Amino acid sequence: MRKINLFCYLVIAVFLAGSVAASLTSGYPWSIACYNCILCKHTCPIGIDPYGFVKAAISNEPDLYIEASSIRLRLGEAAELDPRLSLKVDESEMTVQTALAKGISPDSEVTVLRMRAKDAAKFCPLCGNCEKPCPVALPIMKIIEDLKDDGKFND
Amino acid sequence: MLGQVKTRRLCEGHQSWRSVYRSKSRVLEIRKVLAAIALALFFLILVASIRGWISQSLLPLQSILILGAMILFLLALVFKQPFYPAQLLASTTFHPITATIAGFLLAGAVEAGGGFAAAGRILSKMGKGFLGISGTAVILVNIPTIFAMPCGRVWAATLMPAALMFGFELARAHDDLKVVPVIVFGLIINAAASCGPSPLGGIGTMGEGTGGFPLQSFSNPQQMAIMVMTLVAMAVISSVFRVPVKKSVLPPLRDNLPILPKTAYLTFAFYVVALSMVFLIRPPIPIQTILLAMTAVVMMIGKVSLRELMAGVILHPITAMTAGFIMGGALLVTGGFDALIALLSWVAVHSPLGFIGVSVLLIYVPIIFPMPCGRIISAALLPGVILFGVEVVQVTGHPQVLPAMLIGFILSAAASCGPSPLGGIGGIGEGNLGLRHGLTGIPLQLSIMAGVPVAALIVSYLGLSQEILRMNELLLCLGLGLISGLSVNMTLGFKFYRPGGILGGLVVGFLIIFL
Numbered sequence: 001m002r003k004i005n006l007f008c009y010l011v012i013a014v015f016l017a018g019s020v021a022a023s024l025t026s027g028y029p030w031s032i033a034c035y036n037c038i039l040c041k042h043t044c045p046i047g048i049d050p051y052g053f054v055k056a057a058i059s060n061e062p063d064l065y066i067e068a069s070s071i072r073l074r075l076g077e078a079a080e081l082d083p084r085l086s087l088k089v090d091e092s093e094m095t096v097q098t099a100l101a102k103g104i105s106p107d108s109e110v111t112v113l114r115m116r117a118k119d120a121a122k123f124c125p126l127c128g129n130c131e132k133p134c135p136v137a138l139p140i141m142k143i144i145e146d147l148k149d150d151g152k153f154n155d
Numbered sequence: 156m157l158g159q160v161k162t163r164r165l166c167e168g169h170q171s172w173r174s175v176y177r178s179k180s181r182v183l184e185i186r187k188v189l190a191a192i193a194l195a196l197f198f199l200i201l202v203a204s205i206r207g208w209i210s211q212s213l214l215p216l217q218s219i220l221i222l223g224a225m226i227l228f229l230l231a232l233v234f235k236q237p238f239y240p241a242q243l244l245a246s247t248t249f250h251p252i253t254a255t256i257a258g259f260l261l262a263g264a265v266e267a268g269g270g271f272a273a274a275g276r277i278l279s280k281m282g283k284g285f286l287g288i289s290g291t292a293v294i295l296v297n298i299p300t301i302f303a304m305p306c307g308r309v310w311a312a313t314l315m316p317a318a319l320m321f322g323f324e325l326a327r328a329h330d331d332l333k334v335v336p337v338i339v340f341g342l343i344i345n346a347a348a349s350c351g352p353s354p355l356g357g358i359g360t361m362g363e364g365t366g367g368f369p370l371q372s373f374s375n376p377q378q379m380a381i382m383v384m385t386l387v388a389m390a391v392i393s394s395v396f397r398v399p400v401k402k403s404v405l406p407p408l409r410d411n412l413p414i415l416p417k418t419a420y421l422t423f424a425f426y427v428v429a430l431s432m433v434f435l436i437r438p439p440i441p442i443q444t445i446l447l448a449m450t451a452v453v454m455m456i457g458k459v460s461l462r463e464l465m466a467g468v469i470l471h472p473i474t475a476m477t478a479g480f481i482m483g484g485a486l487l488v489t490g491g492f493d494a495l496i497a498l499l500s501w502v503a504v505h506s507p508l509g510f511i512g513v514s515v516l517l518i519y520v521p522i523i524f525p526m527p528c529g530r531i532i533s534a535a536l537l538p539g540v541i542l543f544g545v546e547v548v549q550v551t552g553h554p555q556v557l558p559a560m561l562i563g564f565i566l567s568a569a570a571s572c573g574p575s576p577l578g579g580i581g582g583i584g585e586g587n588l589g590l591r592h593g594l595t596g597i598p599l600q601l602s603i604m605a606g607v608p609v610a611a612l613i614v615s616y617l618g619l620s621q622e623i624l625r626m627n628e629l630l631l632c633l634g635l636g637l638i639s640g641l642s643v644n645m646t647l648g649f650k651f652y653r654p655g656g657i658l659g660g661l662v663v664g665f666l667i668i669f670l
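Chains as they are written, first to last, in this note's numbering: chain A, 1 to 155; chain B, 156 to 670.
Don't read these hints as lab results, they were simulated from the structure.
Possibly wrong hints are sitting among the right ones.
To be verified - Derived lysine to any residue pairs resembling SDA-like cross-links, with alpha carbons at most 20 Å apart:
| hint | chain 1 | residue 1 | chain 2 | residue 2 |
| --- | --- | --- | --- | --- |
| 1 | A | K142 | B | P439 |
| 2 | A | K88 | B | D493 |
| 3 | A | K152 | B | P240 |
| 4 | B | K187 | A | M94 |
No experiment lies behind these values; they were computed from the predicted model shown.
Using the sequences and the accompanying hints, generate a full structural model.
Below you can see the structure in the form of structure tokens.
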């Protein structure tokens, strides 16, 4: 039983160390200082959740799916971007794959619900609204500009 | 031309997309089964901990949570649900963990520098002054909410020696040991709930951000409700739930207290002044940075060594919170929380409770499933609360229902770490008083049940505001402070009109609004 307990505590230590390592690797260790207050969420003019970019930096995962609720695309464009992109079609949530399988025309306009952080960064107008309400003045734009460049962190 | 080629290629893929669609429906069914199993397993872990079926001496709660999370991840693999480690990291809130570590380092430095011993002497002198024991006690138990930190454990661990000292003095004066748990658990529920209204990244800011409400608009209603929670917890433990404290817990009387160096008082003074400045100015710097800078200054003032500093860090709550977040991540990956919302939605539609009744249930879900940190469940269920809130607004036609529900849920989540059998703050008090693990769960849960509607009612009738000082809020807060003082007077065995207690309550009311 002692070995099981030791193993579990090691898992916790590895998890904490891993999170620090991931944020260091992404090049944004200050992202761990985020208060998770989500005050930035309603400031984006195109409905992207800026907290999603912070989460992507913490986990060093540019492919993390984040909320992006007001971006509108043609279904065909969305399919080229990411077939697993989450859309709202007629009040239902579905992926691009599912929408095409249902016979929805690739020329129809759809509203995005969730997309990869690196894809969302491409649509960001870099207005800086997300940084204004942050209580700890996190430079979120730096993460977005990095991802906008080539879709990778710190490359 | 290129566009036509692209479109044709996409249409040619439709046949394969149709089979994807059919398999997607099967995948959804599998996901529902997995989600139901995940929720049931989590419920089983909770009940096993509460009932003591799993002995903490064999398998502490951190191990139970990690093993439970591993089972869920294994089930996700068996059911072919994709997940990757980044999801787990992305779903964890590091703020309370790092704030707790920084807070413990600062508390350790102040403790090693003699600051809290100095605080104890100061409180003892206050107790002999006009405020008396009841007035000083009401201020002491409400300090965590006045100076609300992002994690209440910092205050609970820091002020526990003072709370115990007070309790023991009172127990000797009245020859009644029951006052000890009254003060200790009054402090604990106040500390547990204090992360809700904290302006330094408290859970309330999550609700404000998610719901799109003004910054700091949830703070004052929560703080007033926490005052009520505290006095209810103290009253319930004093009169209804007798907590059996053994006489052996009482320390021996000391005739002469050791003389404290001046640096001890200086350390404590710096601690209070610096914290007050942080709450007044609210600099745009992470609180962790501020706490570490304060630690460095205290180490210089109090001549504290690094070893003494590390002795102040308590690993148990940090590992409990981390294990809780890992379990929370596993529940998110397997859809356990989605299953809970789906279950509640089904009950709302198919039972006489309806959306209003289920909304009340949803607000109290955090204390039905109490986790070591309220953020775990609040991050997962906030979207569900908004969903239900919107439905109830449509049913009732009362727009203030949504912020009222949000604030009620957040306060319930914030305070839920108090009675949690999975390493909750209540364990600090139970451990110090030699009580059975989980004994004070019910009285603390009852106090949360009583306090949450207060916050919701305040929001319903006074609305939300970012203003620091509103006359109606000030009057209400002073009124609740007065009631608090009267109640604590009676709970501690004094006459209800004892002026010290009343003044203490009014001071608390004023400081809560002002800070």
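Hints and how they fare:
1. A:K142 to B:P439: holds, 18 Å
2. A:K88 to B:D493: holds, 19 Å
3. A:K152 to B:P240: holds, 18 Å
4. B:K187 to A:M94: holds, 16 Å
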